[in-house]
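Student: Taking the working numbering, I'd label the letters of the sequence shown as residues 1 to 283.
Errors might be hidden in some of the hints.
[To be verified] Under the rule of at most 25 angstroms between Cα atoms (straight-line distance), these lysine-lysine pairs were calculated in the BS3-like manner:
hint, residue 1, residue 2
1, Lys164, Lys176
2, Lys282, Lys267
3, Lys164, Lys123
4, Lys231, Lys66
5, Lys164, Lys132
6, Lys282, Lys262
7, Lys158, Lys132
8, Lys131, Lys164
9, Lys131, Lys156
10, Lys156, Lys222
11, Lys262, Lys245
12, Lys131, Lys71
13, Lys132, Lys156
14, Lys144, Lys156
15, Lys158, Lys144
16, Lys222, Lys176
17, Lys222, Lys281
18, Lys123, Lys69
Source of the hints: derived by calculation from the structure; they are not laboratory data. Predicted, not measured: the structure shown is a model, and the values here were computed from it.
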Amino acid sequence: MIKKMITLAFVFMLCLIITPASSQQIKAKTEDGKEVILYPDGTWQYAKTEQTQPPSSSINPQPSKKLIKGKRGTYGIWIDENRWRISEVTCDQAAEFCFAHTAGDAYAVIIDETIEMPLEALKNAALENTKKAAADAQITFEEKRTINNNEVLYMKMKGTVQSKPFTYSGYYYAGKGETIQLITYTAQDLHDKFEYDFIDFLNGFEVYTPTQQEISFADGGKYIGNILNGKMHGQGTYIWPNGDKYIGEFADNRATGGWFYKSDGRKAWCHQDETGIWVIKKD
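Assemble the whole structure, with the sequences as input and the hints as a guide.
Tutor: Rendered as structure tokens:
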């Protein structure tokens with residue numbers, strides 16, 4: 001995960017640095033004293049202050065047009081296709097999905113990893129690795145939120161790379177056996193323009209929790225454990241007809257690591273390779 005965070009930080013910087021420079025936005029006041037921001041394309045909006053949510057608040061996404069599910073089936077994101085499109089140009093191996101705003105100059109990425117860590121550790125790792133790309137990177141705002149019954153950390157950061165200020169904000173989720181990061185980013189002087197769309201994007205996040213079930217197979221074998229999207233996924237136990245059993249983790253109907261117990265009491269660490277063949281770890 002550390003390598004992914006470092007790589008992704010550099011991708012952030014590269015995307016922002018190579019984007020054509022925009023004219024400086026202008027702050028002004030209306031006749032009634034309200035502050036507004038004028039953009040080079042002729043549009044404007046009222047200046048925003050940081051809108052916080054109570055730590056226990058629940059934020060539900062507005063109806064969006066398309067659901068995109070993670071490749072492992074453990075999460076989904078609802079996106080508005082009028083505002084976001086999947087992008088291959090700005091993507092990197094560290095991210096499972098990359099998105100570009102249809103108006104340009106704003107991006108989002110999703111990182112899904114099968115590694116478990118406390119939320120606080122995930123936050124610290126994200127900050128420290130961003131500093132390797134932007135030495136002055138710092139957290140400007142953070143709070144815990146409840147999104148569709150799942151606790152996430154909302155965090156905003158800023159930093160400078162090659163004289164280019166940037167801002168990114170995201171949701172960080174730490175679940176059992178996984179971490180998921182949804183990160184949006186753009187140049188600092190454009191953040192206010194895209195902030196509503198960033199929050200709308202992030203609030204489309206949902207996590208799918210496996211359910212405990214028991215499945216019997218035609219050969220007499222039995223599986224007891226977590227099921228996700230109709231597949232063995234998460235913690236589970238597989239029992240052979242002769243009494244041998246495997247206890248450990250599964251992903252997409254494949255054992256990814258655990259203990260194999262013989263009926264005579266012997267045991268060994270094992271997993272299944274990509275073809276389904278069992279691999280026993282030798283001492």
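Student: Need the list of violated hint numbers for this structure, in ascending order.
Tutor: When the structure is compared with the hints, numbers 1, 10, 12 turn out to be violated.
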